[in-house]
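Sequence order for the protein chains is A and B.
The first sequence maps to residues 1 to 222 in the numbering used here.
The second sequence maps to residues 1 to 798 in the numbering used here.
Honestly, the hints are just simulated from the structure, not real lab data.
Mixed in with the good hints there might be a few duds.
[Said to hold, decoys possible] DSS-like cross-link-like pairs, simulated, lysine-lysine; straight-line CA separation at most 27 Å:
id, chain 1, residue 1, chain 2, residue 2
1, B, Lys3, A, Lys113
2, B, Lys280, B, Lys80
3, A, Lys135, B, Lys15
4, B, Lys15, B, Lys156
5, B, Lys17, A, Lys135
6, B, Lys126, A, Lys120
7, A, Lys136, B, Lys73
8, A, Lys136, B, Lys156
9, A, Lys160, B, Lys72
10, B, Lys474, A, Lys112
11, B, Lys15, B, Lys80
12, B, Lys7, A, Lys115
13, A, Lys135, B, Lys470
14, A, Lys112, B, Lys235
15, A, Lys136, B, Lys280
16, B, Lys3, A, Lys160
17, A, Lys113, B, Lys126
18, A, Lys120, B, Lys280
19, A, Lys136, B, Lys80
20, B, Lys454, A, Lys115
21, B, Lys126, A, Lys135
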Amino acid sequence: MLLQLNNIFKWVNAGGQRTFLLKDINLTVKEGEFISIMGPSGSGKTTLLNVIGMLDGFNEGEYHFMDESVHQLKEKHRANLYKEYIGFVFQAYHLIDELTVYENIETPLLYKKFKSAERKALVADMLDRFNIVGKKDLFPEQLSGGQQQLVGIARALISKPKLILADEPTGNLNSKQGEEIMELFKQLNEEGVTILQVTHSEKNAAYGSRIIELLDGRKVSL
Amino acid sequence: MIKNYLKIAFRNLWKNKTVSAIHIIGLVTGITCCLLMILYIQHELSYDKFQENGDRIVRAIMAYGRTKDDVKKGNFTGTKVLTAMKSNFPEVEDGVRMYQEPTLVKKGEHAFNETRFLYADSAFFKMFSFPLLKGSATEALNAPYKIVLSFTTAKKYFGDKDPIGQTLRIGAGEKDYLITGIAADCPVNSQIQFDFLASFASRQAARTEPIYWSANYTTYLLLRSPGSIHSLQPKIAPFMAGEMAAEGERDIYVNYELEPYNQIHLHSPYDSFEPNTNIKYLYISGCVALLILVIACFTYVNISTARSLERAREVGMRKVTGAYRNQIFWQFIGESALLTAFAIVLSIGITLLLLPAFNDLIGKSLSPSGILHPGILSGMLVILVSISFLAGSYPAFVLSGFKSVKVLKGAFHRSAAGTWFKGSLIVFQFVISTFLIIATMVMQSQLHYIRNKKLGYDRDHVLVLPMDNKIKDKLDFIKKEWKQNPNILAVSMAGELPTHIRGGYSLWGNTTPYEQSIMVGGNVIDEEYLRANGLQLIAGQDLTEQDVRDASHGNDKDNYFHFILNESALATLGWGPDEAIEKKMFLGGRTGEIKGIVRDFHFASLHTPIQPLVLFPENWGAHLIVKTSGRHLPETLAFLEKKWQQTASHRPFEYRFMDDAFSKLYTGEMRIGKILSIFSAITILLACLGLFGLSAYTIRQRTKEIGIRKVLGAPVTGIVHLLSIYFIKLVGVAFLIASPLAWWAMYNWLLDFAYRIEIQWWMFAVTALGAVIITLVTVSFQSVKAALLNPVKTLKTD
């Protein structure tokens, strides 16, 4: 078991009313799974992903990640945990505009204090693997959306995470580019990386081994 | 890691070149101005610090008058005060009498008119720390007709030859002086400046029986200990009362006030051999420098903060990829430190480049090495650290603390507190700018007023030439010869110029007792003085050549004087103009009668009201005043030079304009006026830069709003209006705060002048209008651009 959510609630108070973003979510993810989270806009998909990614907190419930009780951890511990084991892929890529492809991929290693030689080797591997060696000195704005997302995934993978959280990774891409990215995810999954993706597309969801459907913050059983 | 930070810092700067340039230029300007001012202030404060005995030397200020409560004061004394003090007070170890006089120096056939020519007693080199390169400190000036040259002067006259033992021919009397020493050049920050230092014993006055009167000399005393001034001062008044009684002076009060040598340059109202600087103007300069620095820093912090908002996404992303908060903190602080350090280095470079021009502007010679002063260097460090932290603090503290999810979404935009904070920075900057604009305007108006005020005399096209006994002997001939030129209207010999008459006398009528005499300013003139200076006679007659001859018998018994009084003297005596004419009067020891009344004119600076004045002939003078028509001036000068060489060949032909003598009265005011004008222009520029940078960002943050408004049908003008009104409001608030402050400050400054302008309402109106226009122009650069953008583009980005 990689992670487990027990009775997770998250809400905001607006205008004296409590609006639930997540309501009684129970979820167990095993290592090596490829899960797609689906649901209409506003159903809480991204919120759920952020909670799992520890970027966002929750109000009630228990969250266990690799034998750690996340809900009891201090902010700093939690941050260490996600930095160690989780990689993020965003719909809008979120690359740093002022850094080149190479430097963008390198950034997480810098924060993990890898030695220069090690960093070089790791980034070179990654560039090679994604076939973007020729683009390493380009800036994000000089790349197509698909290529940017490739860089985004490469950056997420560079620190060898156990879990990849992808928030509509193909949302900004055309269908061909999207397909390539999904194939890549599939391949990564086969190599042992656990993947949780949020998607709107039935077709992309089908790449996963399991689908979770959300509606108004609630898990809908299929 | 650091390389990565550097890269991103540099690329960020490069991406927004305009804003980056504004960003750095602002800070560089601020620091440069501040550095220049500090150098100036440092220079002024360093005056005389090199004097090892500085804390034991005092200058005697003579206070004299009818009673203790009605005294005049001056920095000149008679020759006796030194000897009297030395022999009567154990506190006084030694002393020096000094005298400065522009003097003719001849070596062989070559003659030079030397202005930095001083006489001093033999203790000079013992008292003062002017090192002698050659010669003996005790013997160099211990007898008449000995002279010490400065190093540069020795080079000028003798080149590489050894001047010791040679002679120079000094003065119109052409006495040979033996060169006994070479002194190192005087430091520029010394109140005593000389090229020549002749033994005081050479002067007639030193040899004749010492007297307290004829106050022409500066007396410095060397005390046994710095504290003796306090025990010595109270003893002088009773001692002098005894001395006066012994000399049989009726009811004359004389006292000497001791001024510590180190305080003279900045605190004394009486100039030394080099003009003093009013400490008040140093305070003003310091404040202005500090304000500029503060403005520059605020602008810098303001723009930095605004710029960092753009980097929010980067911060979020860095956190997601594993950055700790303190790593982001140091990234931004480091980036800001790097930029600040760059700005500081650039400022130092520019300061050094600008220093010569700045020296010209303020008429000083500041040395670039002053920048190495530990105070300045540590100041730089303080600036570096504080600006780095202030400018980097917003991204470092606030952004780095945000939740990455929020920052990535860009949900942190515009907190109310942040807007309020930046708004108040802008207000503060404009308060300072408006204050300085108003101050500059008032100062310039006052200086303009001084320059153009009808002073009662005419200083246009008036030349001033030196005068000595040789020339005086030929005066009648000179006058006749020169006036053959139709452009030379009058030639007058006089003791002092009408710009600044310093002499003081007592005047009383022959029917009133001496006790009712009045203190008057006095000046020796001749029959052409009124004409040469355009003075206006309102009653009686001008002097004639006969009147001058009547007063030129050489002893007071045979002399009969004709006096010309000014209106103030008349008012003080309580007489009407016609009533006064031909009244018999005494002026000191001179007997005579009133011959004419002249309209009041300003014979001192406008800081003081017009005092009573007597003009009288006495057959001597220090200046030749030549009134020209102003037409064909070059030809007239050539004519004068030719005539000069024929009749006064012993002296080089050197002239100056009376207007320059007049300007000298206001050196301090003009310097501060210039500095203020330039600096207020710079603060306005800086404030504009700040406004420009800030508006750019405020508007960028509102692009979405602008897009939506445009889709909803808002016209371009409406949007520009919307964006400008916020800034106009800020500037308005600033104006309301600054106006009363400026009024109060300038009102007090003007109180220093006996004759001054009124602060006018239009000065404020012009400032307000100017501020609004500047704001509009600055903001509209950005707002018009934003308003013209296609909303499709702006709305797509989110």
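Hinted pair A:Lys136 and B:Lys156, Cα distance within 27 Å: 71 Å, violated
Holds or violated: A:Lys135 to B:Lys15, with C-alpha atoms at most 27 Å apart: 21 Å, holds
Pair hint outcome, A:Lys136 versus B:Lys80 [Cα-Cα no greater than 27 Å]: 92 Å, violated
Restraint status (C-alpha distance of B:Lys454 to A:Lys115 at most 27 Å): Roughly 81 Å separates the two Cα atoms, so the pair is violated.
Satisfaction of hint between A:Lys135 and B:Lys126, Cα-Cα up to 27 Å: 80 Å, violated
Hint consistency between B:Lys17 and A:Lys135 [alpha-carbon to alpha-carbon, up to 27 Å]: Cα-Cα ~26 Å, so holds.
27 Å limit on alpha-carbon distance, applied to hinted pair B:Lys7 and A:Lys115: 18 Å, holds
Pair hint outcome, B:Lys3 versus A:Lys113 [Cα-Cα no greater than 27 Å]: Holds, at roughly 13 Å.
Restraint status (C-alpha distance of A:Lys136 to B:Lys280 at most 27 Å): Roughly 63 Å between the alpha carbons, so the hint for A:Lys136 and B:Lys280 is violated.
Restraint check for A:Lys120 with B:Lys280, where alpha carbons must lie at most 27 Å apart: The given pair, whose Cα atoms are some 64 Å apart, is violated under the 27 Å limit.
Satisfaction of hint between B:Lys126 and A:Lys113, Cα-Cα up to 27 Å: With a Cα-Cα distance of about 69 Å, the restraint between A:Lys113 and B:Lys126 is violated, given a limit of 27 Å.
Given pair status - B:Lys80, B:Lys280, alpha carbons within 27 Å: 35 Å, violated
When each numbered hint is compared with the structure, violations occur for hints 2, 4, 6, 7, 8, 9, 10, 11, 13, 14, 15, 17, 18, 19, 20 and 21.
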